[in-house]
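*Asks:* Protein sequence lines correspond, in order, to chains E, F, D and Z.
Take the numbering used here: the last position of the first sequence gets the number 316, and nothing is skipped along the way.
Take the numbering used here: the last position of the second sequence gets the number 316, and nothing is skipped along the way.
Take the numbering used here: the last position of the third sequence gets the number 287, and nothing is skipped along the way.
Take the numbering used here: the last position of the fourth sequence gets the number 287, and nothing is skipped along the way.
Rather than coming from a laboratory, the hints here were simulated on the basis of the structure.
Just so it is clear, CB atoms sit at the ideal spot from N, CA and C, and this is done for glycine as well.
Possibly wrong hints are sitting among the right ones.
Pairs of lysine to aspartate or glutamate, DMTMM-like flavour, derived with a Cα cap of 20 angstroms [said to hold, decoys possible]:
1) D:K167 to E:E301
2) Z:K130 to Z:E39
3) D:K111 to Z:E39
4) E:K63 to E:E147
Computed, partial: chain D to chain F, Cβ under 10 angstroms [stated by the list, open to error]:
5) P80
6) G105
7) R156
8) M160
9) R161
10) V263
11) A267
12) T275
13) L285
14) W287
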Amino acid sequence: MAGMDLTTRLGAIELRHPIMNASGTFDVLEADAVLQPDLLAGFPFSAYVPKTVTLKPREGNVPPRLYETAAGLLNSIGLANKGIEAFMEEDLPRLAALKAPLIVSVAGERTADYGVCAGMLADRSEVAAVELNVSCPNVELDGRALGCDPDRTRRATEEARQATSKFLIVKLTPNVTDIVALARAAVDGGADCVSAINTVHGMALDPWTLRPVLGHGSGGLSGPAIKPVALRAVYLVSRGLDVPVIGMGGVTTAQDVLEFMAAGATAVAMGTASFRDPLLAGRLVGGLETLMKERGISSAAGLTGRSHG
Amino acid sequence: MAGMDLTTRLGAIELRHPIMNASGTFDVLEADAVLQPDLLAGFPFSAYVPKTVTLKPREGNVPPRLYETAAGLLNSIGLANKGIEAFMEEDLPRLAALKAPLIVSVAGERTADYGVCAGMLADRSEVAAVELNVSCPNVELDGRALGCDPDRTRRATEEARQATSKFLIVKLTPNVTDIVALARAAVDGGADCVSAINTVHGMALDPWTLRPVLGHGSGGLSGPAIKPVALRAVYLVSRGLDVPVIGMGGVTTAQDVLEFMAAGATAVAMGTASFRDPLLAGRLVGGLETLMKERGISSAAGLTGRSHG
Amino acid sequence: MAARPAQPRPAGDGKEDAVKGREAPGPAALHDCRVVESRPVGAYRLISFVCREIAAAARPGQFVMVRESGPALDPLLPRPMGIHDIGSDLISILIEPVGKGSGRLAASKVGDRLAVLGPLGRGFDLQKKGQAVIVGGGIGVSPLKLLARALAERGRSMRLILGFKSRDQAASAGLFRDFDGEVFTEDGSVGSRGLVSEPLPGCLLPPPEGEPAPEVFACGPGPMLSAVARISSECGVPGVRTQVSVATHMACGVGSCQGCVVAAAGGYVKACTEGPVFDAEELKW
Amino acid sequence: MAARPAQPRPAGDGKEDAVKGREAPGPAALHDCRVVESRPVGAYRLISFVCREIAAAARPGQFVMVRESGPALDPLLPRPMGIHDIGSDLISILIEPVGKGSGRLAASKVGDRLAVLGPLGRGFDLQKKGQAVIVGGGIGVSPLKLLARALAERGRSMRLILGFKSRDQAASAGLFRDFDGEVFTEDGSVGSRGLVSEPLPGCLLPPPEGEPAPEVFACGPGPMLSAVARISSECGVPGVRTQVSVATHMACGVGSCQGCVVAAAGGYVKACTEGPVFDAEELKW
Ligand SMILES: Cc1cc2nc3c(=O)[nH]c(=O)nc-3n(C[C@H](O)[C@H](O)[C@H](O)COP(=O)(O)OP(=O)(O)OC[C@H]3O[C@@H](n4cnc5c(N)ncnc54)[C@H](O)[C@@H]3O)c2cc1C
Ligand SMILES: Cc1cc2nc3c(=O)[nH]c(=O)nc-3n(C[C@H](O)[C@H](O)[C@H](O)COP(=O)(O)OP(=O)(O)OC[C@H]3O[C@@H](n4cnc5c(N)ncnc54)[C@H](O)[C@@H]3O)c2cc1C
Ligand SMILES: Cc1cc2nc3c(=O)[nH]c(=O)nc-3n(C[C@H](O)[C@H](O)[C@H](O)COP(=O)(O)O)c2cc1C
Ligand SMILES: Cc1cc2nc3c(=O)[nH]c(=O)nc-3n(C[C@H](O)[C@H](O)[C@H](O)COP(=O)(O)O)c2cc1C
Ligand code: FES
Ligand code: FES
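One chain only, chain E, in its complex shape:
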């Protein structure tokens, strides 16, 4: 659209539009085989975040791993991944073909893992940024996520910060009393950016047996059901801090993208909605332009934080 500027920036990383994918919800290497042989080239998202990788391979949780709830999805994938080494060997070279910056999401079972993983990626030119997923069950905390504790979050961020000069994002969990405090801890630890939100703790019972339906017991809630929670988190965090925020949680329509940006996001990630339509993102870009135009907003930068007033 003439005169529209949808570009947005995460530090030095320029995105051609604000819509990226959320980690764990779009596997471009699989999709390239299933959906479109040319997906790596004509990629709809403005940045690509692969599924979180950990130091060691993880087979993930016992199935069932999914359960649909009202306008939401519970999952307990359990960070199934091939481990950072195999990822760097097998996937990174293929992902280099992507026409979009690559943001690698890492998680640690120990605080120190964050530094190790960030360090391993530090001089890989394919990698534009590193995202720390601090919602991973932490063995030093009896399986609780270190992302619930400001102190641990700051330390994990510091480890990563010392290991890499790449753009560093910390992904916040909403399962805390004060998400702004967590965001502040991340920034204190050296984060360049925060993303919010990861899934909301939830649970479902099998309608018949009345036992927890997920093999793992409980899981993380995503999708439109959590959008109001996510929007509030983005609003509060972006008002409380000076770093850019990547907003996510239930983004399904162009209107949702608009609202997350207005709430304070510099870029927006789409997760569960990709399961309704794996190639949705491309269409939302046009929709976003239209909505902005109707409201007399001519740039993504002018949209970010518009609700703060």
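Using the hints, position chains F, D and Z with the ligands against chain E.
*Replies:* Just chains F, D and Z with the ligands now, with coordinates in the frame of chain E:
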């Protein structure tokens, strides 16, 4: 149904079935006028919880106070109420006609208010139990809810405990890192029971102006969207503590009642679903019986906690 | 200002008044209703469904809370819709699809089932005798048909002024062909160009000696209602009464949630049980 | 066991095999499809919609992810449905309404629009030559029609065994009238009383000298599949191959979410991209 025992107990209070209403979502005095002149007598809920009252009257928040989200409802009513004195003078005598135990919900802008309110109700025979709504904005905490702080929650409960010997319920907010710790604080303070959950913090933007749509800015999310969050809270709290739990959050169908009971609830409250159908509760009782029968469960007591295994 | 207690109003306060000439309303209840008509009326959609109880009880200005029957939970809650017209066992509503809930309802097909709670709210008070000036704007014209019919039955002289943004909205003026209405559009595509508030001052003239003052009935968007309220309060004719039907977000429709409040002189009032029709002078504009 | 990397399988591994005799599949895509047929088949419902692309590309045992078109977000995600039959530009699916998602889909009326992603997954490998023993249980019979048709086209000799709980499910056996099928019901109301696993051992006999061993194709509930897998692995006939189509919860259907995994010998495998058809011996039972 022959051989079915749906009765359940909160301490010495016997409920003829497990389905009560959630505070703030069913005004029996209004409904009596609008819906059925005999509602006070043929009341569908097994216990009645009026809207929370506070020491002073509150006019509530600036409208708009409601916004529907995907399978959920955001509200920012702001505890609009006539104050406990007017409530005791005008409403309590009329509520005495109810054929169901009355659970009066109170909230305080100051910790000490909980004791004052509980004390005012202490010798009113119409009142079977007192519920402490600790999600009220607290002036001593810059408007944050004391229910987010274990220490404050314990102290508010202690104040109420000292002021009344009635059955004492503390209603937990889900907007915390560790809801079991809050529940424990309530029990340490003398609570006989906890109810969970109050609404989840959330926010919505006006689709057109992109400013917060609720007059108050943000609000509380209720309805089916939050059911997985509520179910998990009930599951964790009922496993972690020895007091009965009143479960709520998205209860809409008989199947939901079944699941909350199986998750560990002794009774279940219905809120937002009453807005889909104000007389739903009556029909759910029959539905619950059928579901229990199909699963070979013959009593409410046998259902409670069935998921714990 | 203190919260106004939510009490059913005492008898003889206008609610009963409005009942005059109609049988007393049955209590509101949730009905499972079959759609028997669904047709476009310009930008709006007219949906009719079978409901003997509501048809028997409803009065002009009352509304229903409507949702699709069935277990799907998005949209979650019913939407308030003014009662447009009543047949012997039919209710018609006129829907402007503005969002998810109204869009879904507008897509109802013949044979679909709707869950309908009603009749709800306090309708228009039809007691007075002066000339009725009925002013509708946009989808706000919907409940005015039942009102016009009731006033006509009572032999009240009437002026009906309907205003719209554009031609596709103005198509709904065709639903008022039994009455002698004037149509205004903002773009001038149908009837006169302009806002409904423009002809209003000319309608509010002092009545002939001994006759009662004119009375305004209005339903439409907020800015229109406040213009109407201002014009009638400033018209200088003593005794002019203005009844307005307001639209707010509603969750329950029965006075339970306190979500639908509007600001009145004495504090907030509930649009669902104390309205949706208010005396303009009761409200803060 | 280590997580098995999610890689597209190398060429020549069975995916391409299954393609033999059919044109190569186009890539999967999301299609907006109009329902042209919706009718009950006993306890199930047959829904047909127009989709030339999927009709041209789909192979036996593949599936589609289907949801109602439109903005309503409950149900949120599409549901996996096996492809029951294909016309020149039509796809048919057979739905057992067991919950919210399948119930909603089963209620689709002619003219409704469905969002359909497909064709997806690895279907049955049709390469072998021995007698085909096709075993279906309950709604699991659905994809077996396309399979039976493909095998018939290839001139494979076939035994078709369909098992159901009761008469209303067994009505779907009527969809297989082009083939010579045997029907079993648990309550004996139609065909023989018993489980489909009962006749199976009798089908797995050593082939005549020089002929290939029989091959089992099965789709149905978990317990049925594991009985079938056990019976064929224990039948003592060398070279018997058993292909099973498994049903798990799916979110994406395209390998993105890792939610649909089933346990295989080497770790978890994705039912959506590595299945839904697996060699029984690959899986952990
Ligand atoms: C007493 C009463 C009578 C009404 N009569 C009619 C009628 O006859 N025909 C008709 O088409 N509409 C009528 N409305 C308005 C109608 O209820 C809203 O347009 C509808 O609820 C919007 O829901 P949505 O999901 O489509 O819109 P949303 O997507 O939620 O919002 C779209 C727009 O509608 C506004 N809105 C949303 N919900 C409500 C609500 N509950 N009440 C008022 N505005 C809302 C929003 O602020 C927004 O501007 C009436 C409202 C009331 C209170
Ligand atoms: C490859 C594949 C092909 C299928 N083909 C058909 C078909 O041709 N016809 C047909 O009727 N059904 C088929 N199914 C099953 C169908 O997808 C499920 O019945 C449907 O998803 C249930 O959704 P629901 O919302 O109605 O049920 P829910 O209310 O969610 O649950 C009802 C029951 O269905 C089970 N279930 C729920 N979701 C799924 C899911 N995504 N996958 C499997 N089971 C689930 C639950 O465990 C529960 O027992 C197939 C499944 C797969 C994986
Ligand atoms: C199936 C699934 C897998 C996910 N895996 C990851 C992951 O590996 N790492 C991560 O940081 N977030 C993961 N998430 C969370 C999403 O990235 C996102 O934060 C969350 O789902 C909210 O966005 P949504 O509502 O758009 O899905 C996962 C979510 C889903 C639904
Ligand atoms: C409109 C509205 C008003 C409410 N008011 C109160 C209240 O006054 N006191 C209280 O303890 N909870 C209040 N709640 C919270 C409910 O009691 C309940 O805990 C919550 O809504 C979750 O249940 P639900 O999903 O069934 O609605 C209110 C909820 C709604 C939607
Ligand atoms: S809509 Fe609930 S009180 Fe009016
Ligand atoms: S359904 Fe998502 S990976 Fe299989």
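*Asks:* Run every hint past the structure and note whether it holds.
*Replies:* Verification of the hints:
Restraint check for K167 (chain D) and E301 (chain E): the C-alpha separation of about 18 angstroms stays at or below 20 angstroms, so the hint holds. The straight-line distance between the Cα atoms of K130 (chain Z) and E39 (chain Z) is roughly 35 angstroms, outside the 20 angstroms bound, and the hint therefore fails. For a cut-off of 20 angstroms, the pair hint linking K111 (chain D) to E39 (chain Z) stands: about 18 angstroms separates their Cα positions. A distance of roughly 16 angstroms separates the Cα atoms of K63 (chain E) and E147 (chain E); the hinted pair therefore holds under the 20 angstroms criterion.
The restraint placing P80 (chain D) at the interface with chain F holds, with a minimum CB-CB distance near 7 angstroms, inside the 10 angstroms limit. At about 13 angstroms, the closest approach between the beta carbon of G105 (chain D) and any beta carbon in chain F exceeds 10 angstroms, and the interface hint on this residue is violated. Contact between R156 (chain D) and chain F, as hinted, is not supported at the beta carbon level, the nearest pair being about 26 angstroms apart and thus beyond 10 angstroms. Look at M160 (chain D): its Cβ only gets to about 30 angstroms from chain F, farther than 10 angstroms, so that hint breaks.
With its C-beta approaching chain F no nearer than about 32 angstroms, R161 (chain D) sits outside the 10 angstroms limit, and its interface hint is violated. Interface hint at V263 (chain D): satisfied, since its Cβ lies 5 angstroms from the closest Cβ of chain F, which is below the 10 angstroms cut-off. Checking A267 (chain D) against chain F by beta carbon gives a least distance of about 13 angstroms; that is not within 10 angstroms, so the hint is violated. Taken as an interface hint, T275 (chain D) checks out: its beta carbon lies about 6 angstroms from the nearest beta carbon of chain F, inside 10 angstroms.
Hint status for L285 (chain D): violated, given a least beta-carbon distance of 12 angstroms to chain F, over 10 angstroms. With 10 angstroms as the threshold, the beta carbon of W287 (chain D) stays out of range of chain F, its nearest partner Cβ sitting at about 14 angstroms, so the hint is violated.
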